[in-house]
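Novice: The primary structure of each chain is shown beneath.
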Amino acid sequence: GAVVSQHPSWVICKSGTSVKIECRSLDFQATTMFWYRQFPKQSLMLMATSNEGSKATYEQGVEKDKFLINHASLTLSTLTVTSAHPEDSSFYICSARDRSLGGNTEAFFGQGTRLTVV
Amino acid sequence: QKEVEQDPGPLSVPEGAIVSLNCTYSNSAFQYFMWYRQYSRKGPELLMYTYSSGNKEDGRFTAQVDKSSKYISLFIRDSQPSDSATYLCAMTSNTGNQFYFGTGTSLTVIP
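First to last, the sequence lines map onto chains A and B. Numbering of the first sequence is given in our numbering, commencing with residue 1 and proceeding in unit increments. Numbering of the second sequence is given in our numbering, commencing with residue 119 and proceeding in unit increments.
Rather than coming from a laboratory, the hints here were simulated on the basis of the structure. A couple of the hints might just be wrong.
Stated by the list, open to error - Computed from the model, here is a short list of chain A residues facing chain B with C-beta under 7 Å:
(1) Glu106
(2) Ala107
(3) Phe109
(4) Gly110
(5) Gly112
Beta carbons are placed, not taken as given, at the ideal position from N, Cα and C, and that holds for glycine.
Kindly produce the complete structure, drawing on both the sequences and the hints.
Specialist: As structure tokens, then:
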């Protein structure tokens, strides 16, 4: 299956600093990318959806100024957690789809990034 | 009502057992159905992907979709300890951009 690479896999940062997480599709062009947050023993919570060439669409309750998403190219999306606080500590996962093929397609996930804010 | 309902478990079975995992949904527009496996501290891995109703088999895994009942299943035959993980169902419509996930079912296969 298609490969989505997410980096870093884990990061520890100090409160008040910013952290950037990268999501790359390695063997296909990701026309749509999703960013999720997952708390322990819970399912994925969609944070935002980004289509290449347009601004991200954020879900209700997600602060777009805090969670900056940039779909920089057809193979790269970044999530920047700005002015991180301990409550931002979580597991962040990206996924990507190649909708340029037409119709609907499955989504492939990155390995996830565990963020700990101290 | 949630878009997708999934029993979180936990489910514990002996090695070799047949495992049945299920999800129900409420949106009749859903056409694409997926099952993901997620190991602890890892991203979800796509297991099965089906379109509309019917069955799909891949090795020890069989996915079933019953659109009339809005019910999907994943069967695991001859379960192995390495199958121990959380299994997430997901679905979307023909034109939809967003995926809707179940809460995941935690499975433990005991040697």
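Novice: Let me know if the C-beta of Ala107(A) comes in closer than 7 Å to any C-beta of chain B, holds or violated.
Specialist: 6 Å, holds
Novice: Against chain B, run the beta carbon of Phe109(A) and see if the smallest gap drops under 7 Å.
Specialist: 4 Å, holds
Novice: For the hint on Gly112(A), does the least C-beta distance to chain B fall short of 7 Å?
Specialist: Because about 4 Å separates Gly112(A) from the closest Cβ in chain B, which is inside the 7 Å limit, the hint holds.
Novice: The hint names Glu106(A) as touching chain B; please verify it with the least Cβ-Cβ distance against 7 Å.
Specialist: Cβ of Glu106(A) sits 5 Å from chain B, so the hint holds.
Novice: Could you check if Gly110(A) really has its C-beta closer than 7 Å to a C-beta on chain B?
Specialist: 5 Å, holds
Checked against the numbered hints listed earlier, the structure breaks none of them; every hint is satisfied.
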